[in-house]
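Working from the sequences, and respecting the hints, build out all of it.
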Amino acid sequence: MLIIFMVATNVLLWTFLRNAEYNRAVMERTEEEAQRSSEKIAVSHVNYSVQGGYVRVELKVANEGPVPVQITTLWVLDRVTQKHGYNDMVNINLRAGQTLNFTGSSALLVPIEGLEYGFSSEFSAWFVTARGNLIPLEDRFTGTKVIIQPSGGYPKVVIGALMLDFDTFRHFTYASDAQLANYPTGTLGFNIPKQTYLAFGCYLTNVDTMNRTMIIDSHSLLWQPGRPGVPEGAAFVVNVNADGTINGAYSQITLKHGETKMFVFASVNDLGLAAFKRYGTPNVVTTVATNLLIHGTLGSSPYAQNIPFVSIFLS
1 MLIIFMVATN VLLWTFLRNA EYNRAVMERT EEEAQRSSEK IAVSHVNYSV
51 QGGYVRVELK VANEGPVPVQ ITTLWVLDRV TQKHGYNDMV NINLRAGQTL
101 NFTGSSALLV PIEGLEYGFS SEFSAWFVTA RGNLIPLEDR FTGTKVIIQP
151 SGGYPKVVIG ALMLDFDTFR HFTYASDAQL ANYPTGTLGF NIPKQTYLAF
201 GCYLTNVDTM NRTMIIDSHS LLWQPGRPGV PEGAAFVVNV NADGTINGAY
251 SQITLKHGET KMFVFASVND LGLAAFKRYG TPNVVTTVAT NLLIHGTLGS
301 SPYAQNIPFV SIFLS
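The numbering used here numbers the first residue of the sequence shown as 1 and each following residue consecutively.
Please note that the accuracy of each hint is not assured.
[Stated by the list, open to error] In silico DMTMM-like cross-links for lysine to aspartate or glutamate, where the CA-CA straight-line distance does not exceed 25 Å: (1) LYS256 with GLU113; (2) LYS194 with ASP177; (3) LYS40 with GLU64; (4) LYS40 with ASP88; (5) LYS277 with GLU232; (6) LYS40 with GLU58; (7) LYS277 with GLU259; (8) LYS194 with GLU113; (9) LYS261 with ASP243; (10) LYS83 with ASP165; (11) LYS83 with GLU58; (12) LYS261 with GLU122; (13) LYS261 with ASP167; (14) LYS83 with GLU64; (15) LYS83 with GLU122; (16) LYS83 with GLU259; (17) LYS256 with ASP217; (18) LYS256 with ASP167; (19) LYS60 with ASP88; (20) LYS261 with ASP165; (21) LYS194 with GLU259; (22) LYS194 with ASP167; (23) LYS256 with ASP88; (24) LYS277 with ASP177; (25) LYS194 with ASP217; (26) LYS256 with ASP177; (27) LYS60 with GLU21; (28) LYS194 with GLU232; (29) LYS277 with ASP217.
Because the hints were derived from the structure by calculation, they are not lab data. On a predicted model such as this, the values are computed, not experimentally measured, just so you know.
So, in structure tokens, the structure goes:
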């Protein structure tokens with residue numbers, strides 16, 4: 001009887017111990033789930049840029065929940081190329097109510113192999129917390145706007161489906177009434193001679209996020225809004241042969257997704273409506289704003305875009 005009693009007691013004690021361990025594990029798990037569900041992180045002011053094989057993410061992050069939060073990983077997906085990368089060394093610790101800004105030199109970097117200059121246009125990103133929550137980042141740019149920073153030169157700004165390369169803005173002089181003298185090299189820069197017949201050139205890239213082909217028609221132009229003392233000016237798009245000769249009739253220019261071409265703007269008249277006439281700069285020494293007004297189709301839909309362009313100095 002003593003042996004049976006001792007065995008039964010040990011079994012009972014072992015059962016109580018296992019039950020206590022189970023109950024403790026359940027309580028810890030319940031508390032962990034409660035803390036996990038209590039995490040409330042708000043991310044705003046998100047800004048993406050591409051620099052040297054890294055996606056640079058600037059943002060503001062705030063802990064709006066009652067528990068401290070540790071953010072361990074940042075993932076970024078390029079929605080155009082479907083390439084992705086992550087940084088598992090971010091290690092952001094936020095007390096309840098704390099807000100941190102990651103801008104400038106504090107921006108977060110995520111490596112993504114194979115990003116091509118002038119190609120990507122939209123990103124998605126999300127944080128992973130130590131408790132396993134996924135926190136999507138607010139899209140700072142809901143359309144197709146992104147700043148792509150190459151190894152040198154100016155940032156390339158994308159608004160809409162076209163990207164403009166500021167570095168390549170140039171002007172051409174004339175050898176005759178319909179032939180450019182220094183095509184295609186031209187003169188790079190933003191200082192332009194006044195009271196002179198000129199044509200303008202720049203490079204545009206199709207960065208449409210849906211990979212559609214763009215067709216640019218004769219209604220596209222370079223426009224200089226007027227102001228008191230400075231007349232309004234317009235130079236419509238033209239086709240230029242290899243020898244610099246401007247075609248009297250305009251043929252629509254096709255720009256496939258990811259393709260870059262130089263566009264030349266030279267005619268006072270829309271060549272789809274009237275004959276070619278050279279554009280001349282006004283006889284005034286001043287700074288003039290210049291925009292690109294692009295018209296055509298994107299895929300099977302009509303498309304138009306105003307690109308805030310450059311300012312030029314007439315002298």
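Pair hint LYS83 and GLU58, alpha-carbon separation not exceeding 25 Å: holds (20 Å)
Hint check: LYS194 vs GLU259, CA-CA at most 25 Å. Holds or violated? violated (33 Å)
Does the alpha-carbon distance linking LYS277 and ASP217 stay inside the 25 Å limit? holds (18 Å)
Please work out if LYS261 and ASP243 have their alpha carbons no farther apart than 25 Å. Measuring from Cα to Cα gives roughly 17 Å; hence the hint holds.
Is it true that the CA of LYS277 sits at most 25 Å from the CA of ASP177? holds (9 Å)
Against the 25 Å threshold, does the CA-CA distance of LYS256 and ASP167 hold or violate the hint? Answer holds: LYS256 to ASP167 is near 22 Å, not above 25 Å.
Hinted pair, alpha-carbon criterion (25 Å max): LYS83, GLU259. Please report holds or violated. holds (19 Å)
Is it true that the CA of LYS256 sits at most 25 Å from the CA of ASP217? holds (14 Å)
Holds or violated: are the alpha carbons of LYS194 and GLU232 at most 25 Å from each other? holds (14 Å)
Hint consistency between LYS261 and ASP165 [alpha-carbon to alpha-carbon, up to 25 Å]: This hinted pair holds, its Cα atoms lying about 10 Å apart.
Under the criterion that the straight-line Cα-Cα distance not exceed 25 Å, is the pair LYS256, ASP177 satisfied? Roughly 32 Å between the alpha carbons, so the hint for LYS256 and ASP177 is violated.
Hint check: LYS261 vs GLU122, CA-CA at most 25 Å. Holds or violated? holds (22 Å)
The structure does not agree with the numbered hints 7, 8, 14, 21, 23, 25, 26 and 27 stated previously, though it agrees with the rest.
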